[in-house]
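Student: Given the coordinates of chain A, assemble chain B onto it according to the supplied hints.
Protein chains in written order, with our numbering: chain A, -5 to 342; chain B, -5 to 342.
Careful, some of the hints might be misleading.
With a straight-line cut-off of 30 Å between C-alpha atoms, the simulated DSBU-like cross-links for lysine-lysine are [what the hints assert, rightly or not]:
| no. | chain 1 | residue 1 | chain 2 | residue 2 |
| --- | --- | --- | --- | --- |
| 1 | B | Lys78 | A | Lys44 |
| 2 | B | Lys129 | B | Lys280 |
| 3 | B | Lys78 | A | Lys306 |
Quick caveat, the hints were computed from the structure, so don't treat them as lab data. On a predicted model such as this, the values are computed, not experimentally measured, just so you know.
There are 2 protein chains.
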Amino acid sequence: MSVASEKALVPFVSVDNMMRLVRSFGIERVLTDLASEIEADFKRWPLFDKISRVGSHSDVGVIELMPTSDGEMYGFKYVNGHPKNTINGLQTVTAFGLLADVESGYPILLTEMTLLTALRTAATSAIVAKYLMPKNSTIMAMIGNGAQSEFQCIAFKAICGITSIRLYDTDFSATKKVTQNLQGRGLDLVVCNSAEDAVSGAQIITTCTADKKCATILTDNMVGSGVHINAIGGDCPGKTELHRDILFRSEIFVEHPAQTRIEGEIQQLDADHPVTEVWEVMAGNKRGRSNASQITLFDSVGFAIEDFSALKYIFKNALSAKFYDYLDLIADPNDPRDLFGMLERFKA
Amino acid sequence: MSVASEKALVPFVSVDNMMRLVRSFGIERVLTDLASEIEADFKRWPLFDKISRVGSHSDVGVIELMPTSDGEMYGFKYVNGHPKNTINGLQTVTAFGLLADVESGYPILLTEMTLLTALRTAATSAIVAKYLMPKNSTIMAMIGNGAQSEFQCIAFKAICGITSIRLYDTDFSATKKVTQNLQGRGLDLVVCNSAEDAVSGAQIITTCTADKKCATILTDNMVGSGVHINAIGGDCPGKTELHRDILFRSEIFVEHPAQTRIEGEIQQLDADHPVTEVWEVMAGNKRGRSNASQITLFDSVGFAIEDFSALKYIFKNALSAKFYDYLDLIADPNDPRDLFGMLERFKA
Chain A
-5 MSVASEKALV PFVSVDNMMR LVRSFGIERV LTDLASEIEA DFKRWPLFDK
45 ISRVGSHSDV GVIELMPTSD GEMYGFKYVN GHPKNTINGL QTVTAFGLLA
95 DVESGYPILL TEMTLLTALR TAATSAIVAK YLMPKNSTIM AMIGNGAQSE
145 FQCIAFKAIC GITSIRLYDT DFSATKKVTQ NLQGRGLDLV VCNSAEDAVS
195 GAQIITTCTA DKKCATILTD NMVGSGVHIN AIGGDCPGKT ELHRDILFRS
245 EIFVEHPAQT RIEGEIQQLD ADHPVTEVWE VMAGNKRGRS NASQITLFDS
295 VGFAIEDFSA LKYIFKNALS AKFYDYLDLI ADPNDPRDLF GMLERFKA
Chain B
-5 MSVASEKALV PFVSVDNMMR LVRSFGIERV LTDLASEIEA DFKRWPLFDK
45 ISRVGSHSDV GVIELMPTSD GEMYGFKYVN GHPKNTINGL QTVTAFGLLA
95 DVESGYPILL TEMTLLTALR TAATSAIVAK YLMPKNSTIM AMIGNGAQSE
145 FQCIAFKAIC GITSIRLYDT DFSATKKVTQ NLQGRGLDLV VCNSAEDAVS
195 GAQIITTCTA DKKCATILTD NMVGSGVHIN AIGGDCPGKT ELHRDILFRS
245 EIFVEHPAQT RIEGEIQQLD ADHPVTEVWE VMAGNKRGRS NASQITLFDS
295 VGFAIEDFSA LKYIFKNALS AKFYDYLDLI ADPNDPRDLF GMLERFKA
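Bound conformation, chain A alone:
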């Protein structure tokens, strides 16, 4: 017998319900709406409580908590990053998150965020690219064809108008997986034999590889002028993807500088190397791309505000569409001071 009161019950969006929502709404609509939510929150960036994420590092990976608040709602995400997990048949990244009411501190939503993180990361990349990419970009190189790659491709199609994707991965079976998964989605898919081949003719270069080491996915000679680089694989200390020389030729855009200087590509640069906060471009305070030949680089590591936007989106949409269950998560005695009495009177 449950004695849980209404206040004890927290709406919970399971993996099943998240998939129901995305399939029911359509992934392009979800990505586009998420991008709008993120863009709107980036435009009110100064309002947010900005805390660099709290990581617990081990030899094989990291577990992070990413909290933020806009003063009305509080959200956080639990997320791990374990590059070698795939060897054991596990995800590199898994996540879940929570939204709470700041006024009472009570949780109002618990949700899976493995899928949601893939969606919000792709939506963030694409909405940022919309501000920075060369005009009328149609071709994107997608280097690293893991779990995140299809989401990136669809987001860039839906939000930036990309029509052709040049795919490359050191593991050909990963590229094959992407071509199979993206068949019939209106994207021209070109399988490439090298990273050099992939970037050829592309206006946008997305790098999304996962090794926890300083890798060099792109070298300086591979990157011509007039491109936008969306670098999302380098996201913790000792994990980068770009050769340092590319950074010196690029106008660099970041989410939260304090976090990116530790975790992003710019960990390779001096701590005072100039960067532009991407929210300032969206808010109209700072210039994005200034000319057609410039190299713009979004050194993306993922910030808590993007997860907050995603949590809000799910709170609005999963609840109204009834894609959730209730979870008996919060002990809520009738007399709030009588927690012990609730326990004493409980009959199993």
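Tutor: Just chain B now, kept in the frame of chain A:
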């Protein structure tokens, strides 16, 4: 139709199941076993990843994340503190927590922690008092008779051999609630008319009040020699319970100094005021009480390692006794790189 794999499912201990466990095992056994678990972890304190908790403060309260890890398991707790919540029929403190495997980053337990926090706080207070209280203490003053107080009384009975409790609260109905709830538990309950009255003859003084302000529950003249003070209500900046003069007469013991200097009673003192870490006493590195007339003070704010111990205890006991359900929390495709394919092939 669920497509969740075994790895997608995380054991979840609801409020109902937590109550089942405590009622089935018996609360004194649960408190005693929790105290042993906490004591064992305090003795290996240097092993833990110690991070001051990450708080998000508002005018009416705070929401905190409390992570830690021993290198094998990672745990964190979400907890709020909203003193005025009771006006709206809500709990001052609610909580839930998670345990994960450091090797994979995958969650292995999600559990309610409102009840569990009440239990672990009482277990911590009592096991620390066991090291610091005057020999053969039998009488405790319990000032502040809110949601935490019954748990404190029972823990001090089970772990420290306390037989008599002197109760006081500014709200008499709170005290009445405690006397009703603790009837027939082998404790002599004495209702007192003032804090002065309550401390009279007590060897242990527990203060557990909740206002988010610097209050003076105990003034200097009220505290005689040869007592142990268990101060648990002062636990965030601007929230204290003891007059500063008492601190100067006391030997002060704390959990994690970096956190306590910000949140505890000692926020009233200089940053270099000498304190002893309580784990050092348990490990035998430092002296606890040195003589019968000393005033010992446990300036307790609650630390993540206590929650970690509690999470481990629930992981072992709720799972073996089958007091849990499975939660479809982690997206787990057959091919870990094929998150998108899992979504594509999902049929609601």
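Student: It remains to establish, for every hint, whether it holds in the given structure.
Tutor: Going through the hints against the structure:
no.: 1; hint: B/Lys78 <-> A/Lys44; verdict: holds (26 Å)
no.: 2; hint: B/Lys129 <-> B/Lys280; verdict: holds (18 Å)
no.: 3; hint: B/Lys78 <-> A/Lys306; verdict: holds (26 Å)
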